[in-house]
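**Student:** The chain contents come next:
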Amino acid sequence: MTHPASVLVVGASVGGLAVAESLRRDGFAGALTLLGAERHPPYDRPPLSKKVLAGEWEPDRTRLRADAALAKLEMTTILGDPAVHLDVLGRAVTTASGRRLTAESIVLATGLEPRRLPGQAPWPGVHVLRTLDDAVALRTALLAASQVVVVGDGVLGTEAAATARAMGLAVTLVGPQTTLLASQLGPQIGGHLAALHTGRGVQLRLGAAVESLVGDEARVRGVRLAGGEVLPADVVVVAIGSRPATDWLFDSGLRLGDGVVCDSRCRAAEGIYAVGDVARWHHEGLGAALRLENRSNAVEQGAAVAANILGKDRPYTPVPFFWTDQYDVKIQVHGFAGADAQVIIVEGSPEAGQFAALYGSAGKVTGVLGWNMVKQTRALRQHVVEATDWSLVNSLRKS
Amino acid sequence: MRVIVDLEKCCGAGQCVLLAPKVFDQRDDGIVILLDEHPPEALHKAVREAACVCPGAAIKLEDPA
Ligand SMILES: Cc1cc2nc3c(=O)[nH]c(=O)nc-3n(C[C@H](O)[C@H](O)[C@H](O)COP(=O)(O)OP(=O)(O)OC[C@H]3O[C@@H](n4cnc5c(N)ncnc54)[C@H](O)[C@@H]3O)c2cc1C
Ligand code: SF4
Chain Y
8 MTHPASVLVV GASVGGLAVA ESLRRDGFAG ALTLLGAERH PPYDRPPLSK
58 KVLAGEWEPD RTRLRADAAL AKLEMTTILG DPAVHLDVLG RAVTTASGRR
108 LTAESIVLAT GLEPRRLPGQ APWPGVHVLR TLDDAVALRT ALLAASQVVV
158 VGDGVLGTEA AATARAMGLA VTLVGPQTTL LASQLGPQIG GHLAALHTGR
208 GVQLRLGAAV ESLVGDEARV RGVRLAGGEV LPADVVVVAI GSRPATDWLF
258 DSGLRLGDGV VCDSRCRAAE GIYAVGDVAR WHHEGLGAAL RLENRSNAVE
308 QGAAVAANIL GKDRPYTPVP FFWTDQYDVK IQVHGFAGAD AQVIIVEGSP
358 EAGQFAALYG SAGKVTGVLG WNMVKQTRAL RQHVVEATDW SLVNSLRKS
Chain H
87 MRVIVDLEKC CGAGQCVLLA PKVFDQRDDG IVILLDEHPP EALHKAVREA
137 ACVCPGAAIK LEDPA
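So the sequences go chain by chain: Y and H. The first sequence begins at 8 in this note's numbering and counts up one residue at a time. The second sequence begins at 87 in this note's numbering and counts up one residue at a time.
A couple of the hints might just be wrong.
[Said to hold, decoys possible] Footprint (simulated), chain Y over chain H, 3 or more residues, beta carbon under 8 angstroms: (1) 88-102; (2) 113-125; (3) 130-138.
Just so you know, the hints here were simulated from the structure itself, not pulled from any lab data. Note that beta-carbon positions come from the ideal geometry of N, C-alpha and C, so glycine has one too.
Make a model of the complete structure from these sequences and hints.
**Tutor:** Quick look at the structure:
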């Protein structure tokens, strides 16, 4: 198989690093360049809303690899210099500082940018949470705050609320859905999560629309709901989702549509690939286009793209995995959960604070969710892999 | 090859157990158990892959040659 002479990876985070490591592991000996917009060497995001925000970890602990391990990859690393233009035919990237980098294969791994509220003013006290710098700034703000409003009922919003609450702050969470994580986990499990938050003292304002932020010259003062009610706050966390960081690709000619649109090999054009949160690729197993926002996908897709760059020509068909830690609860999901799926708890019970549930649709098992049930969840994953018939699920029940 | 796991970083995903069940196991709370600190040559590829995909970046390898 012929290897390209050179590979350039744009985006120096977990997905980009996985490409670089996998390339070297698979025997790529050519020139390798990693380009990143942030000044930090590759670090891990999941701890940002958990251990870093809680102050249990120094920010430095999020580093994904020590200097020595990075040095072994024998790559040129350029940090703090965002890519601003991609020339697809010329296989070249131009950076903000004016560098022009060329390579035979280029990997796009630029992740996401947090959405902001329409007209979100840059008041002190208003925070998003995506980067290490965001996490450090939010922690500093929380240490000086007493009332926090979190806008957003997804994974990030609920984690931020849990961490802020555990720090002893008064926390209100506002979101448009009928329950927490309703679109990700469905109403039943979402309801258990809402009960967990309420039990820990978080005020939930579900099914509520935010009209605007309220503030004065000095800082944010609260959040106004549609209908006029103002929830007072000295810190507001805006966690209303993210959009793929593809602005810099607008004139590249690549197909963009909620991410960089790729084929089943995660290839966006000849010699151009996408990885991680930014990539929308065709999942052959599902027969549908998919974009995932989780850490395991970034790494596995990185490995898949590295293999394809080196000539493997294999479709990428993962069983997705994500987890979230909130208070002392660890939720893990293999496969697909989803709002409309059927759900059956097969082991443990919500009352016991430990359970595993199977998700199914179209007559097949599509996902498994564990709530403080790690080993059983891992074992049940096999039913997702095999797409076990839903009619057999009742016979799996141990609870 | 020497395998080192950082229990504090481990987030209990179990990806390592799926990839190399002879080298890794999990406690009931999900935290990794290292079964074989010096896995045999035949398992090196799987262990390297586990270190790469570990969502907690909790697996470190020394002299991964
Ligand atoms: C606070 C938080 C908590 C999370 N918790 C979990 C969790 O518990 N479980 C889970 O499974 N997932 C979690 N995730 C999601 C997970 O972190 C992401 O899926 C993962 O980081 C995606 O990796 P990536 O490399 O695709 O993108 P990113 O990690 O977003 O990295 C993209 C990188 O590209 C850089 N970049 C952007 N534009 C450019 C440009 N023009 N030029 C050069 N570089 C550029 C960015 O600066 C960034 O460093 C969490 C995410 C966040 C933010
Ligand atoms: S893959 Fe990593 S995080 Fe998951 S159980 Fe193994 S060591 Fe822990």
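**Student:** Decide, hint by hint, whether the structure agrees.
**Tutor:** Now the hints, each set against the structure:
no. : hint    : result
1   : 88-102  : holds (count 6)
2   : 113-125 : holds (count 3)
3   : 130-138 : holds (count 3)
Violation of the numbered hints given earlier is absent; every hint is satisfied by the structure.
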